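Q: Generate the whole structure from the sequences, applying the supplied hints.
2 protein chains.
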Amino acid sequence: MGIQIMSDEIKLSVAELQNRVEAAFNKAGLNSVQAGALARVITAGERDNCKSHGIYRIDGALRTVQAKKVDPQAVPEISDNERPAIVRVNANGGFANAAFELGLPHLVEKTKKNGLAALIINNCTHFSALWPEVEALTDHGLSGMAMCPSYSTVVPAGGTKPLLGTNPFAFGWPRENKSPYVFDFATSVAARGEIEIYRRAGKQLPEGWAIDSDGNPTTDPDAALAGAMLPFGEHKGSAISTMIELMAGIMIGDLTSKEALDFLGTTSLAPNHGELILAFCPEAFSGSRRGNALAAAEVFFQSIVDQGSRLPSQRRYIAREQANQNGIFLSKQEFEQLEKQQELGLDSIN
Amino acid sequence: MGIQIMSDEIKLSVAELQNRVEAAFNKAGLNSVQAGALARVITAGERDNCKSHGIYRIDGALRTVQAKKVDPQAVPEISDNERPAIVRVNANGGFANAAFELGLPHLVEKTKKNGLAALIINNCTHFSALWPEVEALTDHGLSGMAMCPSYSTVVPAGGTKPLLGTNPFAFGWPRENKSPYVFDFATSVAARGEIEIYRRAGKQLPEGWAIDSDGNPTTDPDAALAGAMLPFGEHKGSAISTMIELMAGIMIGDLTSKEALDFLGTTSLAPNHGELILAFCPEAFSGSRRGNALAAAEVFFQSIVDQGSRLPSQRRYIAREQANQNGIFLSKQEFEQLEKQQELGLDSIN
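Which chain is which? The protein sequence lines are A and B, in order. Counting in my numbering, the first sequence runs from 2 upward without gaps. Counting in my numbering, the second sequence runs from 2 upward without gaps.
For the record, the hints were derived by calculation from the structure and aren't laboratory data. Predicted model only: the values in this text are computed from it and were never measured. Check before you lean on any hint, since a few could be wrong.
Keeping only pairs whose Cα atoms sit at most 20 Å apart, straight-line, the calculated DMTMM-like set for lysine to aspartate or glutamate is [stated by the list, open to error]:
| id | chain 1 | residue 1 | chain 2 | residue 2 |
| --- | --- | --- | --- | --- |
| 1 | A | 52 | A | 322 |
| 2 | A | 114 | B | 81 |
| 3 | B | 162 | A | 307 |
| 4 | B | 162 | A | 299 |
| 5 | B | 52 | B | 337 |
| 6 | A | 113 | A | 81 |
| 7 | A | 113 | B | 83 |
| 8 | A | 12 | A | 337 |
| 9 | A | 12 | A | 335 |
| 10 | B | 341 | B | 17 |
| 11 | A | 113 | B | 81 |
| 12 | A | 162 | B | 299 |
| 13 | B | 114 | A | 81 |
| 14 | B | 114 | A | 110 |
| 15 | A | 162 | B | 307 |
| 16 | B | 113 | B | 140 |
| 17 | A | 114 | B | 83 |
| 18 | B | 113 | A | 81 |
| 19 | A | 114 | B | 110 |
| 20 | A | 114 | A | 83 |
| 21 | B | 113 | A | 83 |
| 22 | B | 114 | A | 83 |
A: As structure tokens, this is what we get:
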């Protein structure tokens, strides 16, 4: 497609953006498996107009590399493939994305063979969304869940201190000839970045977002950042977040959000912990009891859409289609930042 | 222990209550696998002072039998045990509880062998809580999730009509020499029974519980019952409830909540659909990477308790310990109703 400059916007094809982001990571000293995998999820975020997981994230990744909290040269390896339904990948201190790409084909194979299977990623830095993981499963006709801890900035319901992470949870269901049904959300009411936005704007937070360091409800962004965020859905969301600590932290032999923050010492870098992905083969589960499960799901989705409710991720899919057809548009400032990152690598960090 | 009458309360041992409830179901024409399994969960509910799932439920079970919406003579059978990590039990139109008891040992065996496994229950009537299922797994040192549809009384976020069920979700984690970590909740803000309580008391509902039949927010219990309940946690809870329809309805080749209600024609009887239980072997998942996962979980639980937050199910466990030591106390009215059920079976229904 070539680069086109339209007024103040710069247009790139998805492949061009992928190449540029990968080049920036190569320049910063990442090996090819790390740079490629990271560039793929960042480009996917930008393509889907999911700006908070797009090129904006490059700087954070580079800072985590510079702080030596992630190994830019890590080569993930399958560390356990013996259990029939479990694949374990040791990210060896690198980013989760490269580890996921290594484990995926094994996970797909084991899921199709056994009906369900799990991919454990240990010792990784996870800093992107989880929808790329569940979408990778739906691409293979599988359903899946993904979850991971983060760092402890969320208070358990009824408590007074941060212990849980914003612990994202994602789910995907494959659809024939359509973008999959996918949701991916933080188990906190709001993301930490959202509180930061209120702080910069000098605005008070909505009620129910946070507590101060004494454990009292607060709408003051500074007090909230010094205190803790609340889980979504009160004790129910808190329970789900706790489940994620247990399953995707402790059960897989990796760090909880509290341990990840203790190790990292700051919330401004990406944390090191584990990740858990569960995959399910709809055909194996349905056993064709009531015909094709994917067809039955379409009837169900239609009843959601028909009443004016929206399926999640639709905005992303519309943006994706536009990007695939018309390219990705970056602001002049974004493009210049990306060029700087390509040219200077780690030295691009302000 | 023998029966003791203390003022107006009648005391029974847990075993005595189990025998009486089982006798009532036998009298109503249930075969021994159905009566025994049902009596075990109802007795457990009463023992744990979880009154909404205790002997109060006998009448509803009998009504569902009388309406011929459940087969009192059903013998569940393993219908598919071929997939390495899946056990499928056909409840053959009986209650889920008997089917679960049949499938459990196979699920435990497959989980220990493969690392994780699934138990699918098809064609069952589920009307008890889900914590008995996940507690049965924790008794074997396994972690687990359980979920099922119900009948469509909940609106998807942003919609106007009931489509989702109150779709319960339960999770359990085993603890050594302690009652397990277990949560079990409806994915609606409130249970339908709670709205009924407000209606009878002539009170307005809290905001955010329900919409009327035009899709507008309402605090009027009658309008809410004619309309729909809201999912907990807005779009996030709605997404989880949708996942339950997909996984524990469609994926397992069974009915969605909407289909279950269409089949049943009323919300006053227990619905027929399926149930999904996922089990995980913590040792297989942790691979002893960071020592014993159960021990690590205790450190995490302590950080919850230390800050004044409560672990879920603790009230149930305290009630259980008291019941095991001192017996279960029924009101005179409850005891007389139970005697009537024992004597008359289906004819006890008013």
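Q: Against this structure, judge whether each hint is valid.
A: Verification of the hints:
1. Distance hint between residue 52(A) and residue 322(A) is fulfilled; the C-alpha atoms sit about 16 Å from each other, no more than 20 Å.
2. The suggested pairing of residue 114(A) with residue 81(B) holds, with an alpha-carbon distance near 15 Å, which does not exceed 20 Å.
3. For the hint pairing residue 162(B) with residue 307(A), the CA-to-CA distance comes to about 10 Å; that is within 20 Å, so the pair holds.
4. Distance restraint check for residue 162(B) and residue 299(A): the Cα-Cα separation of roughly 18 Å lies within the 20 Å cut-off, and the hinted pair is therefore satisfied.
5. Proposed proximity of residue 52(B) and residue 337(B) is supported: the alpha carbons are some 16 Å apart, at most 20 Å.
6. The straight-line distance between the Cα atoms of residue 113(A) and residue 81(A) is roughly 18 Å, inside the 20 Å bound, and the hint therefore holds.
7. The hinted pair formed by residue 113(A) and residue 83(B) meets the criterion: a straight-line CA distance of about 13 Å does not exceed 20 Å.
8. Among the hinted pairs, residue 12(A) with residue 337(A) is consistent with the structure: their alpha-carbon atoms are about 13 Å apart, no more than 20 Å.
9. Only pairs whose Cα atoms come within 20 Å are accepted, and residue 12(A) paired with residue 335(A) is accepted, the gap being roughly 11 Å.
10. Pair hint residue 341(B) plus residue 17(B) holds up; C-alpha atoms about 16 Å apart against a cutoff of 20 Å.
11. Straight-line distance between C-alpha atoms of residue 113(A) and residue 81(B) comes to about 16 Å, which keeps the hinted pair within the 20 Å bound.
12. For the suggested pair residue 162(A) and residue 299(B), the alpha carbons sit about 18 Å apart, so the restraint of at most 20 Å is met.
13. Restraint check for residue 114(B) and residue 81(A): the C-alpha separation of about 15 Å stays at or below 20 Å, so the hint holds.
14. As the CA atoms of residue 114(B) and residue 110(A) are separated by approximately 18 Å, the hinted pair is consistent with the 20 Å bound.
15. For a cut-off of 20 Å, the pair hint linking residue 162(A) to residue 307(B) stands: about 10 Å separates their Cα positions.
16. With a C-alpha separation of about 13 Å, the suggested pair residue 113(B) and residue 140(B) falls inside the 20 Å cut-off, and the hint holds.
17. A threshold of 20 Å between alpha carbons decides the hint, and for residue 114(A) with residue 83(B) the separation of about 11 Å falls inside it, so the pair holds.
18. Our distance criterion of 20 Å between C-alpha atoms is met by residue 113(B) and residue 81(A), whose separation comes to about 16 Å.
19. Straight-line distance between C-alpha atoms of residue 114(A) and residue 110(B) comes to about 18 Å, which keeps the hinted pair within the 20 Å bound.
20. Between residue 114(A) and residue 83(A), the direct Cα distance comes to roughly 14 Å. Compliance with the 20 Å bound is thereby established for this hinted pair.
21. Simply put, residue 113(B) and residue 83(A) have alpha-carbon atoms about 13 Å apart, close enough for the 20 Å limit, and the pair holds.
22. Our distance criterion of 20 Å between C-alpha atoms is met by residue 114(B) and residue 83(A), whose separation comes to about 11 Å.
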